[in-house]
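Here are the chains, one letter per residue:
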Amino acid sequence: MDFLNSHLLSLILFLPTVAAVLMLFLPSEEAKLHRWFAFAASLVPFGLTLYLWNVFDPNRTGFQFQEQYQWYEAINSTFHIGVDGISITMVLLTTLLTPLAILASFNISDKVKAYFMLFLFLETGMLGVFMALDLLIFFVFWEIGLVPMYFLINQWGSANRNYASLKFMIYTMAGSLGLLLAVQMLGVLFGTYDLVALYERWNSLDPGSILLGMPVHTVKSIAFWAFVIAFAIKVPVWPFHTWLPDAHTEAPTAGSMILAGVLLKLGAYGFIRLVLPFYPLEAKIFAGALAFLAVAAIVFGAFSSYAQTDFKRLVAYSSVNHMGFVMLGIAAAGLASGTKDAHIAMSGAVLQMFNHGLSAAGMFFLVGVIYERTHTRNLNDFGGLFPLVPVYGGILIFTSMASLGLPGLNGFVSEFMVVRGAYPVLTIYTAISMLGLLFTGAYILKGIKSVLHGPLNEHWAHGEHKLTEINTREILVMLPLMVLILVIGVWPAWILDVINKAVMALF
Amino acid sequence: MTHEFVTNLVWFIPLPPVIAFALIVLFTNKSKVLSHTVAISAAFLSWLGAMIVFWNAIKVEHFAEEPFASSINWLPTGDTWLKIGVLIDPLSATVLFFVAWTVLMIFLYSVGYHNFGQPAGDHDHAGLPPHGATVTDDLGHKHTVLSIEPMYSRFFAFISLFAFGMLTLVVSDNILTLFVGWEIMGLCSYLLIGFWYGKESARNAAIKAFMTTRIGDVFMLLGIAFLYSVTGTLSFREIFTEEILHTLASVPSGVFGLSAAGLIGLLLFIGTVGKSAQFPLHVWLPDAMEGPTPVSAMIHAATMVSAGVYAVIRMFPIISLDEKTMTVVAFIGAFTALFAATIAVAQNDIKRVLAYSTISQLGFMIAALGIHAYVAAVFHLVTHAFFKALLFLGSGSVIHGMEHGVLHTGNHKVDPQDMFNMGGLRKKMPITFWTFLIGGFALSGFPIVTAGFWSKDEILADAFGHGHTLIFATLAFAAFLTAFYTMRQITLTFLGEPRTQEAEHAHETPWTMTAPLVVLSFFAVTYGWVGIPEHFPLLGGLVPNWFHEFVGSTLAEHPEAVEFSPWPLITSLVVALGGLGLGWLVYRNVNSPAEDKLQFSLLKNKYYFDEIYDVIFVKPAYWLAENVIYKFMDQGVIDGILHAFGPTTGGIGSAIRNYFDVPFINQFIGDGSADATYWIGKNLRPIQTGRIQQYLILSLILLFVVGGLVYYILTLA
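Keeping their order, the protein sequence lines are chains A and B.
Per this note's numbering: the first sequence = residues -10 to 496.
Per this note's numbering: the second sequence = residues 1365 to 2081.
Chain B with its partners taken away, still in its complex shape:
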């Protein structure tokens, strides 16, 4: 296939899902079969395109210099155009690979998860999760079974749009369309978290997710505007030239003594803090568990949170120009990694543990970037996407199995997501168990066989090798906690004996759900082997470190692989195995939350961040809006002034009437002249006698008087 053909193909990768979205919304929404067929076919087409592009990308020599890139004029800006286009370079090819795989698996999984093929529920409503249906078997026994999701088609429409957003983001050659994809995902995550909008908690979680990430987004938008006005372009390949990078590094921004690059980097990074749920904008992610489980996997593994990390990786050439910004990045990442891990230890909801684990792992990646460990960050991004998608889908499978048990016993008070209600599921759900085990071990960094070991080890090695001791120690401790809470989760869920009737009656899930688990666990193991460091004892050099060569070539200066040192490796081994072992030892006999020694209320309540934010941001904002700005300012002051015009004008009017018009014009001039005329008439009446002689005498007198006057005036004149 020619270079040109593949480049054109890249344009088409994001399209099938968005077409599927339109088709489902407009035409096929009445038919569940058609809807999921359309959505999965679209995901498959995108996957196929992505695979073709990926295999072609790794075949090209010096691919970084000749990536698949093309662009078109999009927005006229004065006498120039803002161009948008597609770019597949080593970095985006790598990301595209895992996105395409995880998306396809999640689509397939959704079919089973939303109970396709099951009867419609007895009392199910759009907007609430299905409650089960009653069926009568051949013998006349009534059973309650899982019922199909009432908004089945809508779900596939939303995840299709979601996939479109992510694929757009990955293939973009500029930060503007990246932002477009980013926000479309934001919308979809809002719609999907609030998918069961009948639940109060889901509604609030959806708004919380959207608003929290939007805080990051508006900063990011400023960063984009700043970047655009300094460089005159938004295209990665044009920005990452030596000349422009030099300008960015040398122009001061005027804020905190940062260079333009530093400030732009910081603003863009705040966008990532929101999207990738880093401290202090991490609060939305655990609540996002209100969505259906495939959504959690989409948001927390394959797509949205990865997108945040991807964006900073993309902008790494700019962000890395200013050490101050890099320090912030490293600090936030490392702190989040540890902070979220401590919370995960005390959570009992199977999905929430994973949510905090996600926040923590994203912190690892961010911290890696902050210490210039570019390749390690990308590596962990990819392996994490695989094993975390696996874990989320696995947890969904567990919940699904538990729901089966709940319907069987009819005891709806049992929370199918609480790990203390589980136990012993390894026998009931073997495929789920084994795949979950693989995912959990990858997350913990179980040595050699799991992908998570290699990527996490590389981050630790980089931190150690470049002398970031504090970061190294923080991450190592976080890694220990990771292994610990993962083993706690596995022990509570799968090991021991069933603790409830419901767990006793749990059931393995259908093939549409288990098949994706198997596929993802394949990658959760094998993906690590493409990035084995060259100098690793025994294994190093057996397989070339393809990952480092390929992804590292994205940067203008190929990053040096860190020199091998045994200390980080030993640390990795100790924290992984130690954490796993300790987790098993502590929790193998724990049967209820009361027996769990680590249920500190501070941890359980997530350090009270939700409550604190509510008191210092959310409530004051509403109070300010309602009472100060609307009621006081608009209705009180401004309208008050306006309303004062009415009485004032009226007052002036009545003053004029009462003090001038009425007394002076009406009474004095108007009525006065009438009165005067009347008075004169009345007083002249006596001389109107009707006698001719009298009239003649009066005429004579008048004649003399007038004649005398005329004579007097004339002689004087």
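So here's chain A without its partners, still in its complex pose:
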């Protein structure tokens, strides 16, 4: 038990990798064995995360369950991990979505072993980012997460997968470039990469002094934008968002689930963990610019989504729209830091990350369910499917409503908090974002109308095209998501209390 408690985070972090390596030794032709092994292996970190959530003490400030090991002594970078109320929520989201994504992939029959191994590696990569308390470790995991996703899109994606995977990879790497330079600069300046130490020393720099031959403010502004662009691409914030619809649309179903559910959160998490604490002043100065980009994402994302005829692209663009609210909350929190408005906006942003993870993963899965049966995603080919698949229809409407932000479901709580937090400080931007909220309704209803509604669709009703109802395994994928969507909508305090306390301590 002692070992468990003192190594809890590394266990959660590395068990997926260990499992992936073990899979190497399983006989290649046993597809079923691989599926179940990977699924079982991904449940262990989830179980441990539930335990972690239980023993985590939200009332303590600072990071908990910290572990620190020698790693790269020459440049004084240590393997330092730990969680606070913000990162533990993201860890929970990751370890929850991975088993569901694996369960959703049981229909994969091509190169099964490699597929599931990549998924497990991916989990480690994502968890590492959320746990890292060392800039270099953060960066390493940031890049590690990229590789499995590249192969998942490239090998198991649909028709245009080469273009999409390349765009995804190059774009993110381009962002990482600035990030790496900025990270190196911090390391060189202070001789450490430890986040906790850097928070203090970086901000206690005399603003009048000269750094690298430039005033501190200039250096900080440059480094600020280097960080911002790297994370903005990942979120993605308008106008860095066009990789997303391509990557999402081409990725296999489970890949899209993780991409939307977790990978986008890495960017937003970077803003919360690195940008705001490192650059409180710059975040205040440039809050207007960030809010502008956020609102552009909200409004244009909604409009673009409304313009789609491909079901999956429609859902993909909805992510741009929803993540815009995360950014709006972050911008407001940066502008108003230290006030109640900032706390509400930031708590709302973190909760929105979690909520979007649930509803977007669900939406992508549901698109996948219908794509697998019909081999088309074109909205014009559907319509009138409701009488054929009533259970699927009910689940789709439920999840769509969560995505739409219907009060009583999770999305409303977080969007309301962001709007409430942002309104007093970014009034005009918040007001404009309402246009996006309005159009959220338009594209969601368009989706439901084009897929479900209409007279009984004869094409999919008979013979070889006969559409079959969603099966038990698929319902099991959706069930945890739907339960959480409802529970957070009705009783958000259990998760929000943890987030809120961490936010209060940080901002």
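You may find that some hints are simply not true.
[Claimed, not checked] Per label pair, the in silico range of CB-to-CB distance: (1) Thr298/A with Arg2021/B: 37 to 47 Å; (2) Ile1976/B with Asn43/A: 54 to 64 Å; (3) His1922/B with Thr298/A: 52 to 62 Å.
[Said to hold, decoys possible] With a straight-line Cα cutoff of 20 Å, these simulated SDA-like cross-link-like pairs (lysine to any residue) come out: (4) Lys1968/B with Val1954/B; (5) Lys438/A with Trp1987/B; (6) Lys438/A with Ser1565/B.
[Unchecked claim] One-sided excerpt, in silico: chain B residues whose CB lies under 8 Å from chain A: (7) His1489; (8) Leu1492; (9) Phe1543; (10) Ile1548; (11) Leu1551; (12) Gly1562; (13) Ile1571; (14) Val1582; (15) Tyr1592; (16) Met1997; (17) Ile2002; (18) Asp2003.
These are computed hints drawn from the structure, not numbers from a lab.
Backbone N, C-alpha and C define an ideal beta-carbon position, used for all residues, glycine too.
With the hints as your guide, set chain B onto chain A.
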């Protein structure tokens, strides 16, 4: 029952319907009997709870100071919590009373309306209204009869959720859960209007309803956020304290010179404009008639549209702080009242007439609020809910009877909702006729006996008494039109002789449909008597004006009853009786639309609002989304820039290769050094003769040369 017990009971009022919803969706959907049993039992439990709470509420003295209220922590916000809870004060008790009654009646009515007990249809599909079933009687004759709704269970699930939304809204003690209930109803109205989703018109109407009300909702959400950030609370009882109201009235909002209260009030009011279908967001409501009739009654009488008015009544202490906002409210209300009434005159669909009538009557209430006639607005809200639910259910009964006739004749071209296909139904459907007559007279404000008279009269009296002459005149004219189109409707539908074979074979509906009509008509008559003004000639003072005392006490300052004046009363009498009389005179001999002198195309086409909105909002929005934002901006500009990176990088790469790597490194340095070595080797070849003597001479020469060089360097150094 103790105060505490009743307070706890309030928490449970909204729950049975939502449990019923879950039960039906998850378990009982295969069984129609179980599904409606569950739903009606749940509605009954909520009704029972509501009645207990209501009777206890009116027994408590000074109830407004000690309402049934309790709250819990819900949302952590920094170092404080946002609380949510329940509140039953005189206003919500009054609203709860009529909501519980109408909801229960509508649930019961739905059983008959969806043809419970009839056989399954021959060609019925989920998503389309039932088309009838063929049965063979004992003599071997084939008959076509009404068939049961294929999605019967689903219907009960949806209306249960709807009821949950409304009850949540009414018992809320804060504007956030009010908004939650509000939006849940929005979803349900979407699902129910689009219930027969196989019909193109129903699909479009559902989306139109949701989107139009959502326009209001996003403004309302902003209003809530603003209110919350100024006051730090969303709970009514905390906001409506003198201190906070004073803050709201004195803080400027920076927009249109309004105070914070004014802007918040305006934003919340826009929410109501959407939900209660006021001009200019009224367009969704007539289309919402695509839903099954009990839905129309739910949406247009008992619940959703009332919710919009209820919300502004709730927020009245804030809205009334700024006169500018109040002027907007009064203007929109009065204008809508008249505008919708004019459209109603030219409609031929029995339900559409009622839809426009609803918009118009809601305008009366909004206008009343705008002129500070708080009690009158609430009064009209309640009486309207009763008589309009009655009328909608009555019209459903008529349609049902007509459908019976249509199936009998087999002529499916006859529209069972067109009033010109009816006539003479009073003999075929007596219960429906008499109850519809009561509802129609209440709507018209038929003097003394109907509830509608008392509530409408009070609005007119308030408008007149407080000197709002323009509003008074507008409303009076709207009231005249109301009586006129109502009598037109009654005349065309029930009086005279049947104009079609179908009307000839119409049939009275089953007891599950007529019983609710009877119950509602009871309230449509008697509810007016609880609010008779004290100084009314002859009748005043016989019964205490309970309504004014009770509801008025909700406000911190008890509103004064307006002084009695004969002019509004005379106006009321004239417009009601005049409208009814004229309606009968004009339409008693009209047999076809061609003979109807008032079928102006402007009115018939609802002033072309649908077409105008389509051209200036709907189409441009889609065009903008598709062509500008998606195709031009994302795919053209942004991706264009990204794609330019590829060729640019490639170009730089090949330039480096073609102009540096290939000519300089490869050709000059790489190949050049090889060539040079080769050339040297080739030219040195002649001296490789293989003769020892020659080699020795060469060595000797080399020795001298090197030796000389070494000597030269050493001596120089």
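Do the hints match the structure? See the list:
no., hint, in the structure
1, Thr298/A with Arg2021/B: 37 to 47 Å, "holds, 42 Å"
2, Ile1976/B with Asn43/A: 54 to 64 Å, "holds, 59 Å"
3, His1922/B with Thr298/A: 52 to 62 Å, "holds, 60 Å"
4, Lys1968/B with Val1954/B, "holds, 17 Å"
5, Lys438/A with Trp1987/B, "holds, 19 Å"
6, Lys438/A with Ser1565/B, "holds, 12 Å"
7, His1489, "holds, 5 Å"
8, Leu1492, "holds, 7 Å"
9, Phe1543, "holds, 6 Å"
10, Ile1548, "holds, 6 Å"
11, Leu1551, "holds, 6 Å"
12, Gly1562, "holds, 4 Å"
13, Ile1571, "holds, 5 Å"
14, Val1582, "holds, 4 Å"
15, Tyr1592, "holds, 5 Å"
16, Met1997, "holds, 7 Å"
17, Ile2002, "holds, 5 Å"
18, Asp2003, "holds, 5 Å"
Checked against the numbered hints above, the structure breaks none of them.
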